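Undergrad: Next come the chains, spelled out residue by residue.
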Amino acid sequence: MAEEVKLFGIRGSPFSHRIEIALKLKGVSYEYIEEDLQNKSPLLLKYNPVHKKIPVLLHNGKPIAESIVILEYIEETWKTNPILPADPYERAIARFWAKFLDDKCMLAAWNACWAKEKEREKAMEEASEGLKTLEGELKDKKFFGGDKVGMVDIVATFIAFWLTAVQEVVGADLLTPEKFPILFKWSEDLVGCPIIKENLPPRDLLTANFRARLESSK
Amino acid sequence: MADEVILLDFWPSPFGMRVRIALAEKGIKYEYKEEDLRNKSPLLLQMNPIHKKIPVLVHNGKPICESLIQVQYIDEVWKGKASLLPSDPCARAQSRFWADYVDKKIYDLGRKIWMCKGEEQEASTKEFIECLKVLEAELGDRHYFGGSNLGYVDVVFVPFYTWFHAYEQCGNFSIEAECPKIIAWAKRCMQKESVSKSLPDHEKVYGFVLELKKKFGIE
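So the sequence lines, in the order shown, correspond to chains P and U. Quick note, the first sequence lines up with residues 75 to 292 if you use my numbering. Quick note, the second sequence lines up with residues 12 to 230 if you use my numbering.
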């Protein structure tokens, strides 16, 4: 029986691209459906009635929502190129870092870039702390997943790609080779991986979106 | 070699309760260490240097942090007895989705109910009830979220039952009136020793909340 895999996403959303990267890494064929957040499709509302958000993965008619839940599902369903360690303790550590990235780093980094003048310093400090922690975890590994890209790296593409685009537009210098040499090298290595590179949005799409946002906030 | 399991915890923490229940379900012997959050132990700071929070599960000297991660770890290491997550990947994804929903909503809304007053408290109470109704709908006619046995979502959600009384007193509303099936489900869970022995008495929790309110200068 042919498998039917569909992904409801948004071009440019880091959460959406995470799923595409994971599916491509595992060689899973899927149909991509672009959603319009201003005009959500009836299918999206049907498949994610609780949050009404993307990404949503549909596998043989069954929907799964929440990006990390989807990544774990993909890992358990398609065994090629594992993105989580086999050992339960190592797996718990990977889950910890994925959560740290999503709960702390992403929000802190995003806020730091868009913070108003008087809140900026504090926001930058908080974001820098997060990046420092990540750099400490990376140490001498090529990727968070070790020699190969793992779930933590996939979740962290926000830092490797989106953050560098935002900071260029707003003029923030959060992630630089001087401040975080290990993390900066990791970000270049990650974005340089063919499967990652092919499944990221065009950089100028991101910078254009961010520029528009910057203009409208003035 | 015998397993050495230590749980660094704080008695009213619903997150800590999750881990206590999971360990009890699996029949795992462990050492419980009560933390004073105003005076965190060197062990806690060493085992959770990033967040410095409880609960921390220490298994043979290695720390695992974050309650949902700890419960999954316990389920994966001590397989074979009282499986908390289903074996089917799709059902597992649904369990993880609902555990994530509980995590995103219940604690923060509950906190606002006891910490805030006036309009903000009212709005939080309203949203809290709406979330309970969503969970009630998800439970449906099942005995537990895990089906015929206690599962991951039950373990993640039921600790908040000891906090319901405090929320109701502070917010002046009745959860049973709004969501009778949730209360019935919680009472069913409490009939299990693994749950009843892991949860503190709700009056004690309410007393703790009143102390916190005094400390923060909330009416």
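Everything labelled a hint here was simulated from the structure, so no lab data went into it. Keep in mind that this is a model prediction, so the values were computed, not measured. Some hints could be false.
On the chain P side, residues computed to face chain U include the following (Cβ under 7 Å) [as the list claims (entries may be wrong)]: (1) Y104; (2) I107; (3) G135; (4) E140; (5) T151; (6) K153; (7) R169.
Below, in silico cross-link-like pairs of lysine to aspartate or glutamate (EDC-like), each with a Cα-Cα straight-line distance of 16 Å or less [claimed, not checked]: (8) P/K126 - U/D119; (9) P/K136 - P/D177; (10) U/K198 - U/D212; (11) P/K173 - U/D152; (12) P/K153 - U/D99; (13) P/K259 - P/D214; (14) U/K64 - P/D177; (15) P/K127 - P/E109; (16) U/K90 - P/D214; (17) U/K123 - U/E230; (18) P/K127 - U/D99; (19) U/K116 - P/D177; (20) U/K73 - U/E149; (21) U/K115 - U/D99; (22) P/K271 - P/D110; (23) U/K73 - P/D161; (24) U/K115 - P/D176; (25) U/K115 - P/D161; (26) P/K173 - U/D212; (27) U/K192 - U/E230; (28) P/K136 - U/D99; (29) U/K73 - P/D176; (30) U/K198 - U/D119; (31) U/K137 - U/D119; (32) U/K192 - U/D119; (33) P/K259 - P/D177; (34) U/K63 - P/E149; (35) P/K120 - U/D114; (36) P/K215 - P/D176.
Chain P is nowhere near these chain U residues, computed Cβ spacing over 10 Å in every case [to be verified]: (37) K64; (38) P100; (39) S159.
Ideal placement from N, C-alpha and C gives every residue a C-beta, glycine not left out.
Undergrad: Checking each numbered hint in turn, tell me which of them this model violates, lowest number first.
TA: Going through the list in order, the structure violates hints 1, 2, 3, 6, 8, 9, 11, 16, 18, 20, 21, 22, 25, 26, 27, 29, 30, 32, 33, 34, 35, 36 and 38 and respects the others.
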